[in-house]
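Participant: Generate the whole structure from the sequences, applying the supplied hints.
Protein chains in written order, with this note's numbering: chain L, 1 to 834; chain E, 1 to 202; chain C, 1 to 105.
Hints in this document: simulated from the structure, not taken from any laboratory.
Treat the numbers as computed from the prediction; the structure is a model and nothing was measured.
Be aware that one or more of the hints could be misleading.
[Claimed, not checked] Not the full set, but computed from the structure, chain C residues with beta-carbon under 7 Å of chain L:
{"#": "1", "residue": "A22"}
{"#": "2", "residue": "I84"}
{"#": "3", "residue": "V97"}
{"#": "4", "residue": "E101"}
{"#": "5", "residue": "L103"}
[Said to hold, decoys possible] Each computed EDC-like pair below joins lysine to aspartate or glutamate, with the alpha-carbon atoms no more than 20 Å apart:
{"#": "6", "chain 1": "L", "residue 1": "K55", "chain 2": "L", "residue 2": "D149"}
{"#": "7", "chain 1": "L", "residue 1": "K664", "chain 2": "L", "residue 2": "E440"}
{"#": "8", "chain 1": "L", "residue 1": "K353", "chain 2": "L", "residue 2": "E440"}
{"#": "9", "chain 1": "E", "residue 1": "K86", "chain 2": "C", "residue 2": "E62"}
{"#": "10", "chain 1": "L", "residue 1": "K80", "chain 2": "L", "residue 2": "D149"}
{"#": "11", "chain 1": "E", "residue 1": "K86", "chain 2": "C", "residue 2": "E101"}
{"#": "12", "chain 1": "L", "residue 1": "K526", "chain 2": "L", "residue 2": "E614"}
{"#": "13", "chain 1": "L", "residue 1": "K748", "chain 2": "L", "residue 2": "D728"}
{"#": "14", "chain 1": "L", "residue 1": "K748", "chain 2": "L", "residue 2": "E729"}
{"#": "15", "chain 1": "L", "residue 1": "K328", "chain 2": "L", "residue 2": "D356"}
{"#": "16", "chain 1": "E", "residue 1": "K86", "chain 2": "C", "residue 2": "D98"}
{"#": "17", "chain 1": "C", "residue 1": "K104", "chain 2": "E", "residue 2": "E91"}
All C-beta atoms in this analysis are idealised placements derived from N, C-alpha and C, irrespective of residue type, glycine included.
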Amino acid sequence: MESPGLLYVAATFLPLASFLLLLLGGGLRAAAKPVRDTPLGGSIFRGLGGDAPIKTGAYIATGAIGLAFVLSLIGFILFKQDHPHEAVEHTAPHQEAVEHAAGADVVQDWRLSPLSLADPSRWSVSVDWASLNMGSRPATTLSLGYHIDSLTTVMFLMVSFIATLIHVFSIGYMGDELQPTVEDHQVHTVDGHLRRRGRFGRFFLFLSLFCFSMLNLILADNLFQVFLSWELVGICSYLLVGFYYERRSASNAAIKAFVTNRVGDAGFIIGLLILWTYVGTLNFEDLFRKIRLPENDIANVATASSLRHRIVRAAVVPGEAPSRDGQKLQISAGGDQVVLFPEYSRHSEEVRKALDTGIVDAKFAPRTGQLGSMPYWVLVVAGLGIFLGCVGKSAQFPLHVWLPDAMEGPTPVSALIHAATMVAAGVYLVGRCFPLFTPEARLVIAYTGGITLFMAATIAIVQTDIKKVLAYSTVSQLGYMMLALGVGGWIAGLFHLITHAFFKALLFLGSGSVIYGCHHEQDMTKMGGLYPKMKVTAITMLVGMLTIAGIPLFSGWYSKDAILAQALGFVQEYPKHILLFLLPLLTAGITAFYMFRLWLLTFAGKPRDEHVYEHAHESPRTMTVPLIILAVFSVAVAWGWPLYDAEASVLNSTIEQSEPLSAKIEFATVHAFAHGSHALAGNLALGLVLVALIFASLIYHSRVLDPEEAKQQFPGIHRFLWNKWYVDELYSAIIVRPALTVAHWCRKFDTRVIDGTVDATARGVVQLSRWDGRFDLGIIDGLVNLTARVVFAVGGRLRTVQTGYLRSYILFLVLAAIGIFAVLSYFVAFVRAG
Amino acid sequence: MDVQTALFWILAGLTGLSAIAVVVTQNIVRSAAWLLFTLGGVAGIYFLLGADFVGATQLIVYVGGILVLVVFGVMLTAQGPFVTMKTSAAEWAISLVVGLLLFSVITLAAVNAPWPQDAHHSEDMESAETSQNSVKLGAAFLGIKEITPKKDLTGFPMGKTPPERKQVAYLLPFEIVSVHLLVVLIGAAYLARAKRRRGMPT
Amino acid sequence: MMPEVGLQSYLLLGALLFVCGAVCMAMKRNAIGVLMGVELVLNGANVNFVAFARFNSTFEIEGQIFALFVIVMAAAEAAIALAIVLNFYNNHMTVDVDTAEELKG
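Facilitator: If you want it as structure tokens, here you go:
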């Protein structure tokens, strides 16, 4: 097949199609509702669900994602054929012929691939859809595209598979939503509990949208596309966490999730902008080529250089002032500038000259073939910014506060989004952007992961809500992955990502089954002794618990051992970061402890609440079958040959194919140390885990040590852990309260000053208009009226002249005659002369 | 004083006093009586001025015709004996003032105007034969010239001489006037025809 | 006594008659009285005419002719005036000219 990469594109768009179909259906139903009395309107209305939702939408969504899984499986097989498994060092780097426009003509150039691909055109395509021309600098473009390597295929498989299973699970779990009216016991209205229509279809609508955006994120080959999908998964998370939005707690949790994510996204955007401004591109491949010295070029100049695949730092040559379009830099280890290399190697002469002499002629606006530069601290900030986005998405400290509250959403949502996939997106992105991070940024990543994993594990010890325990467990395991990536264990971190997805989904679905069976009871203190009643659930959850604890031969053992080995190797290389090994080691024990505690409290011992125990039942087949499948996978997904060898996992070697060469080279000694101390790390961890398991069974199974006594003996610690290290309260005091205060001030300002001004203006205008009215009525009208009155009065007076009396007329006649006489005698000459 | 002067004063005094009496009297019948005397006095003045035909006509037409008519009118429109129409004192005063004003104006004009004098007149006034007033009138109607020779004229203002006069025949205007009179009388007869009275006066 | 009775004396007499007639017209409330005033005015004018005919040689006979015309006209006018007064009397039952105030503005 020509471009099997399109299989993945098709697989990505299938859930989108399902989303649009469901949306159309829902829209038609809403449009037909007012006219449901008419024959046509009524048939449409009832066909699309009528008063109670129908299952058709769920089948469409499940079918779509299932088909996507099948396509990704085919793609995986084809990819494996194209990329036979062999050590990466022996793979000849592929030089792809690329046509690009340089000046007035089209030039064929050689582009280097740091990540080897058999035939890139089969597995990666990029389409430019927007271009921003900034004058002298070359145009920067936004593009959409996909770039498939082994990591993508594995992630795709994992996401689509787990999503399919969860779709199937949800058909059974969300059965309550199929009724025409659902009574929500947690929402109180004026007359009892809230009654609303069931929202079965909406659930699958959102799930489809989420699947599309998650798959798009995995597929993306540039940061902008990742960002689009990033935001979209954030929105889906908001929609799904707030599924029961009438509950105050649910809507608050949804907003908290979204807002916390947005805080991280601010950093993400900063990183994006820095990269776009300074490096000029957002494409992963192009970014890595520019920032790090490329492996090979035509002249094979850089192969021998010790700087290959490293970030080349340089300092301004003393005595040389920067000219108008560039500056001269001297390559030096602690320099404050970073050399940006050309994408295309046609002018590898420049690179050779730079490496030979050590002097780099860096331009401010490099054209093709020219070298550029950017300040080092800016690159650090970019890396930290992108990491901040991942902190928000993957619920690391300090932005972890949303994940426990996000358990307000239905359990399948927690399983899919907040365990297996969305939170994994942050880790995935850190892995993808690995060559971008400077050593300082990587250290920050490692410590963040370390703090998070320890903190979350300690909080999980005292939680009583079954889903909350699992939520904190997720946060802790994500911390593990971040730590692994920070210390250079690229493979280990992503390996753990995949295995974690399976067993965490299993644990969540299992808890969902328990909750369903106990009629939506989530408090573990009310459960107990449920093993006889829910055997399948109990056994699968036991499998999941063993996996997460790291018992050998379960998949979690392979990945956790890899992480611990890597951490030990790092500590051997840099002994002052000993904490980066001790924390995960200790937490491995704590993890085992609280997971076993969870299992014991739920399934073992005597039932603590008779009512719950009586009505408990096993879940239907649609729910137990996914559990069994997931249990099988969580055991076997990391198996390799020989089974007992932790490093021989097939999955491990598949991911290893995609490891960036920069990671391989920079952490070469660390990898060697890790390989050497793999067994030591593993045995230490195993020892701690067994101690923790025994400890947990002593407390919760045999009741040798009473947890209540412990609570009374260490009230301070218990309170500290129960209140989640008071992080929420801290945020409330630092951020929420001041924000609310400012909001109050603003509101007061708005009501008093602005509204006051507006009201005063209004009143002033009214007053003015009243005066104007008075003026108009009084003076203007008065003048007019006065004129009229005067005229009338004068006329009235003059009227009296017309007396009607004959005699007065005669008098006037006489007077007139006198007048004429007088006038004549005045003017007529001869009378005067006489 | 010669006879003419005395006669003038007597007649003028009679006329003037009667005229004033006409104005002053409240009773309408007495006013008519005083009018009679006024008209008679005026006729006398005419005779004194040598216009005997005019004087005779005055007596016949005015006194014998118009005054009788007036008296008829007075009788026909007689009100009850206790109904007198008095004018108020204010109106008296105003009318008096206006009258005096008019009189003074006319008098001033009459006195100050340089009327051309004629020394010829006294001879014609000796007797009725020499005045020949009617003959002159008749001749004038027919358009026969008879004018005073120029050399006897004196007193023209500012050295002006009288213009050459063409004798105009006054018979046509006379006829027109008489026809006019006829028409007027017919009209008056029509106007004054008997109509139904609108009821008794309150 | 005045010097010789000349034109001016007769003019004065005419003026007196005229003024009396005017005042009579202005003052009398009886319609017939007004008519009498009219006669007086006309007579005054006639006296003027005849006096001028006597004392002014250019005006020798025309004055008398005009006086004749005036007398004829006075007769006609008196007839009409009386007819009007009678009509007025028929309509208003009175000859008080003050009642004829329909022209009052």
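Participant: It remains to establish, for every hint, whether it holds in the given structure.
Facilitator: Hint-by-hint comparison with the structure:
A least Cβ separation of about 5 Å between A22 of chain C and chain L falls short of the 7 Å threshold, and the interface hint therefore holds. Against a cut-off of 7 Å between C-beta atoms, the interface hint on I84 of chain C is violated, since the closest Cβ of chain L lies about 12 Å away. Interface restraint check: V97 of chain C against chain L, minimum CB-CB distance 5 Å, threshold 7 Å, status holds. Against a cut-off of 7 Å between C-beta atoms, the interface hint on E101 of chain C holds, since the closest Cβ of chain L lies about 3 Å away.
Among the interface hints, the one on L103 of chain C holds; its C-beta lies about 5 Å from the nearest C-beta in chain L, closer than the 7 Å criterion. A distance of roughly 37 Å separates the Cα atoms of K55 of chain L and D149 of chain L; the hinted pair therefore is violated under the 20 Å criterion. Distance check on the hinted pair: K664 of chain L and E440 of chain L sit about 18 Å apart at the alpha-carbon level, within 20 Å; holds. Of the supplied pair hints, the one linking K353 of chain L and E440 of chain L is violated, its CA atoms being roughly 29 Å apart against a limit of 20 Å.
The straight-line distance between the Cα atoms of K86 of chain E and E62 of chain C is roughly 42 Å, outside the 20 Å bound, and the hint therefore fails. Under the criterion of a C-alpha separation no larger than 20 Å, the hint pairing K80 of chain L with D149 of chain L is consistent with the structure, at around 10 Å. A threshold of 20 Å between alpha carbons decides the hint, and for K86 of chain E with E101 of chain C the separation of about 17 Å falls inside it, so the pair holds. Restraint check for K526 of chain L and E614 of chain L: satisfied, since their Cα atoms lie roughly 12 Å apart, inside the 20 Å limit.
For the hint linking K748 of chain L to D728 of chain L, the alpha-carbon distance of about 27 Å lies beyond 20 Å, and the restraint is violated. The straight-line distance between the Cα atoms of K748 of chain L and E729 of chain L is roughly 26 Å, outside the 20 Å bound, and the hint therefore fails. At roughly 15 Å between alpha-carbon atoms, K328 of chain L and D356 of chain L fall within 20 Å of each other, so this suggested pair holds. Restraint check for K86 of chain E and D98 of chain C: the C-alpha separation of about 11 Å stays at or below 20 Å, so the hint holds.
The straight-line distance between the Cα atoms of K104 of chain C and E91 of chain E is roughly 18 Å, inside the 20 Å bound, and the hint therefore holds.
Hints 2, 6, 8, 9, 13, 14, counting from the list given before, are not met by this structure.
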